[in-house]
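Student: Can you build the whole structure from these sequences, using the hints too?
Protein sequences appear in the order of chains A and B. Numbered according to our numbering, the first sequence terminates at residue 143, and the numbering increases by one at each position without gaps. Numbered according to our numbering, the second sequence terminates at residue 1143, and the numbering increases by one at each position without gaps.
Worth flagging that the hints you see were computed from the coordinates, not collected in a lab. Every residue, glycine too, gets a C-beta built ideally from N, C-alpha and C.
Below are the DSS-like pairs computed for lysine-lysine, each with C-alpha atoms no more than 27 Å apart in a straight line:
(1) A:Lys-116 <-> B:Lys-1108
(2) B:Lys-1108 <-> A:Lys-108
(3) A:Lys-97 <-> A:Lys-69
(4) A:Lys-97 <-> B:Lys-1116
(5) A:Lys-108 <-> B:Lys-1134
(6) B:Lys-1116 <-> A:Lys-69
(7) B:Lys-1069 <-> B:Lys-1014
(8) B:Lys-1069 <-> A:Lys-116
(9) B:Lys-1097 <-> A:Lys-108
(10) A:Lys-11 <-> A:Lys-69
(11) A:Lys-134 <-> A:Lys-97
(12) B:Lys-1069 <-> A:Lys-69
(13) B:Lys-1011 <-> B:Lys-1069
(14) A:Lys-108 <-> A:Lys-69
(15) B:Lys-1097 <-> B:Lys-1069
Which stretches of chain A does chain B cover? Using the computed rule of at least three CB atoms under 8 Å from a CB of chain B, they are:
(16) 105-116
(17) 121-132
There are 2 protein chains.
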Amino acid sequence: MTHLERLCIEKGLKMTDQRRIIARVLSEADDHPDVESVFQRASQIDPRISLATVYRTVRLFQEADILAKHDFGDGRSRYESVPLEHHDHLIDVESGKVVEFFDEEIEKLKEAIALKLGYALVGHRLELYGTPIKKSDKAYKKI
Amino acid sequence: MTHLERLCIEKGLKMTDQRRIIARVLSEADDHPDVESVFQRASQIDPRISLATVYRTVRLFQEADILAKHDFGDGRSRYESVPLEHHDHLIDVESGKVVEFFDEEIEKLKEAIALKLGYALVGHRLELYGTPIKKSDKAYKKI
DNA sequence: TTATATGCAAAGCTTTTGCGCTGGC
DNA sequence: GCCAGCGCAAAAGCTTTGCATATAA
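Tutor: Below is the structure:
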């Protein structure tokens, strides 16, 4: 049983074949697939699945807080099973590759800034967009 | 002449009545309007304006780097004239209010993290989502 | 059994685009 | 006068939904 399926059961969600398959696809993904990709991967496992169900299921999972929705600026939503430990994303604007990172210091700052403004932090999103540094680049000299 | 119109001229953009009006609406906005809002405000100044032109114009301004596009997770894009100094956003999830803030330390960290990962930072987005802290809240005690 | 989930196709929303007309420069 | 910009309406892309059928509990 996959990680996400276990979480579904813990949340008391009714498990259908479709949900199990979608949970598996999302659990096994090491990228950040959009709905279309999830649908394609799920269809390969079982063609008896519809795009509407994928949309309904990712929404369900999201509302159950076991799936995170991201928007990397390309017009569609991308998904990622809620990781054990939080992380942020750096998007390579040349290749579209997504690099995950975690920085303790920046996490503390987020909390502190919200507090200073009079808010309790309930969510946060940080995305960095960058181009790979090559030795010839000016930026490389900074290192 | 509004701030944004001046920037348009500096960038050498051809100025039509419509662009001037849209620039004015965006310059005078102290919120983060979506295209529909910009269209409505512009229409009040001059009804001879179409939604398509608003879309084309915000895109043009964005490509000229004089307008910033945001996505606060409600399905449409929100716009803000590029501020003199960069800032991030905290979104009040109860009221939808958007608070702008700037934190030197977090800005430096963004750059440093990208560099550490081998990237030159070309863009970044930080949004905090929070609920207002009342004296009765548990979080209030942290202050 | 009974409420809930699914598939299909239609519709909804935001955003883009083709085309003939208008208007800056 | 010419090329870019505009309005209009159609279409495109992502996502949601109505309805009849199927299925988990």
